[in-house]
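Engineer: These protein sequence lines map, in sequence, to chains A and B.
Counting from 1, position 316 in the first sequence corresponds to residue 316 in full-length UniProt numbering; the numbering is continuous, with no gaps.
Counting from 1, position 55 in the second sequence corresponds to residue 55 in full-length UniProt numbering; the numbering is continuous, with no gaps.
No wet-lab data here; the hints were simulated from the structure.
Treat the hints loosely; a few may be bogus.
[What the hints assert, rightly or not] Listed below are several chain B residues computed to face chain A (Cβ distance under 10 Å; list not exhaustive):
1. 1
2. 12
3. 56
4. 59
5. 66
6. 70
7. 75
8. 114
9. 159
We put the beta carbon where it would ideally sit given N, CA and C, even for glycine.
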Amino acid sequence: MKVETKADARPAVKTGADVLIESLVNQEVDTIFGYPGGAVLPIYDALYRSDAEFQHILTRHEQGAIHAAEGYARVTRRPGVVLATSGPGATNLVTGIADAMMDSLPLVVLTGQVATTVTGTDAFQEADIMGITTPITKHNYQVQSAYEIPRIIKEAFHIASTGRPGPVVVDIPKDISANPCFDTDEAPFHLPGYQPTINPNPLQIKKLCDAVQKAKKPLILTGAGVLHGGGSDVLQDIAEAFQIPVTSTLLGLGAFPGDHELFLGMAGMHGTYTSNMAITECDLLINVGARFDDRLTGNLEHFAKNAVVAHIDIDPAEIGKNVHTHIPIVSDAGAALKEWKRQMKEGPDAHESWLAELHESIKENPLWFNNPPEGMVAQWAVKHIYEATDGDAIVTTDVGQHQMWAAQYFQFKRPDRWVTSGGLGTMGFGFPAAIGCQLAKPDEKVIALVGDGGFQMTLQELSVLQERNLPVKIVILNNQALGMVRQWQEEFYEERYSESLVACQPDFVKLAEAYSIRGVKLETREEFESSIKGLLESDEPVLIDARVIQQENVFPMVPPGRGINDMVGVKPR
Amino acid sequence: MKRIVTLVVQNRSGVLNRVTGLMHKRQFNIESISVGRTEQDGISKMTFVVDVEDHRKLEQLTKQLHKQIDVLKVTDLSEKAIVARELAMIKIVSNASVRSEVQSIIEPFRADVIDISRDSLSVQVTGKPEKIEALIDLLRPYGIKDIARTGLTAFSRGQQPQASELTQFSLLK
Ligand SMILES: Cc1ncc(C[n+]2csc(CCOP(=O)(O)OP(=O)(O)O)c2C)c(N)n1
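Please model the entire structure based on the sequences and the hints provided.
Structural biologist: Rendered as structure tokens:
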């Protein structure tokens, strides 16, 4: 019997690896994404011997593991846990670590390291992962003795998941995980240099309340901070009470209901015209948990020039970094919104003319696309997926045109159902992230909307769908091109399509079938319309190769270097 | 503008790398660094002289430094009354005939001769960077063989003057 075997295999004295597994159990870890190798053999052995309840998901590449952990973290708001070996295992994680750092996702990344006896000798599979990850982690540790493991793991989870979330790397030399460990540091963690400000200064909130009273054209901008802080409900209460219109960053989508009459759509480079004009014209811009990233702001010289700017952010370094801020509020977004609601005065004069102006603008400048008589455009397909699911799905995307179309046409009604790589813009993210989401939320419908380019960067994870029979729905918006690159070449490089048209590609249906996954090719609107709902409702994994017209561009658009008040492609061309 | 920024840090491996890497990434030019232990076990102090464009950049720098888990305290000393010193050792070409001449040059600087060989002489001097520069200039005609400087280290004076008097105390303006 397996249980007996496990007990038999257990050494009389715990090893560092056993202590590590216990520490993870203490953190209530339920899922680890990983890939074994020499330097983590002791850890994998301890995993094998352990009775712990958690599941280990063997991805087919470390990058798949870390993106899956990011997806898991995004929808649960709990740290995703990754385990990889030293050297190439660890360096394969680098893209995901940088991605998580940019998008403030909590991760605890465990990497094996060569034994301390050979550290620094260019030993087999040695890489200076501490040096490599220092600029792309919230913090990193190299374990110096097994004694420290319980404390370091506690600290790592605490750092990853509190304040502004982010990735924490814990590098564990092989001899430390392999050797017996007689004594451990059970002390609570000690982080005198880390005390994030969670609650707002009530006086600053008062200033915000006063500004709201005075404002004639107020606007709320939501960022992912609202999601991390669990502030969506309170935000909705406030916006409704004061009738303040709301726009969002790419990552903040879902923080406020996408189908709400106060919602103007996403702002920024491919945001709605109305959102960008609202930012340009508002007299009070209340940024809740966004970082004024350049894809949002465009040329700063034209950004919110008429506005008093209030900025709620848990990271003081974000306040005033890009945009001059009049009312800085260092706080968790959820806590700040609660305090705002508490101090909220009677509603100011309704901003009727402001809202009327914006609603008029929405009517005048809706998102548009051309629907040619033959063939299918991706925007139409995304819209149909949204309608077929009634928006009730977790959607992950890759990076490119399809990502922007998903952001434009999917109206997220609830928080934590939109998973996309914003800050780093990592192709290859979408599909493995969907695996992490599905494992975290087995009862939800998870759709990976991907491009034919990005999907091919991490498609090896089809094997995980097959193995676990995870009902992820992969929709490849297949334009046989690196669409976003092609678009920029069309717009700014006089249609010199350098290396962006990729006619040669695998038969995606056969590819799916090679993994015993159902694959379907949909080439016409009729085919798509008649089958999409059924396919998305299946409880099996499905890969849909949706053939879309290549020569389509994402509009409207703020051309690079211009202000967000200066969009092109607002009206149908 | 030049600023003196001191950090109190937990003496963990990699902390210097983290701090200098951050400055590099955010494009702050480091003029000098000095690092040493403090009176407390496990706690070190770093003194940086950095060149920053403007106050907004400076604020970014201190905030970003503060975010580092191992950084306990960040102080911008530039606006305070401070005591700041650097140590330099200067080796010059010198034979017996010029030794007494050199001696008379270095005396007003309260510098010491710390090593003599047949054809060279080494001087040690401490003080503010301007003083060290001045001495180096005076010794240059003899032929400088080598210079080693520690970089500036600093802390605030026990008593701080009123804000209005600050400029005359501050070192780097
Ligand atoms: C790892 C990585 N390499 C390159 C890029 C640059 N890039 C951004 S979008 C894009 C094209 C993506 O093509 P595809 O996945 O087919 O999606 P589409 O734009 O066609 O929807 C490229 C190459 C990137 N974002 N990430």
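Engineer: It remains to establish, for every hint, whether it holds in the given structure.
Structural biologist: Structure-based check of each hint:
1. Restraint check, residue 1/B versus chain A: the minimum CB separation of about 18 Å is more than 10 Å; hint violated.
2. Checking residue 12/B against chain A by beta carbon gives a least distance of about 9 Å; that is within 10 Å, so the hint holds.
3. About 7 Å separates the beta-carbon of residue 56/B from the nearest beta-carbon of chain A, less than 10 Å, and the hint is met.
4. For residue 59/B, the suggested interface contact is upheld, since its CB lies about 6 Å from the closest CB of chain A, less than 10 Å.
5. For residue 66/B, the shortest C-beta to C-beta distance to chain A is roughly 8 Å, which falls under 10 Å, so the interface hint holds.
6. Because the closest C-beta pair between residue 70/B and chain A is about 6 Å apart, less than 10 Å, the hint holds.
7. The criterion of a C-beta within 10 Å of any C-beta in chain A is not met by residue 75/B, whose closest approach is roughly 14 Å, and the hint is violated.
8. Look at residue 114/B: its Cβ only gets to about 35 Å from chain A, farther than 10 Å, so that hint breaks.
9. Hint on residue 159/B is violated. Least Cβ distance to chain A is approximately 28 Å, over the 10 Å limit.
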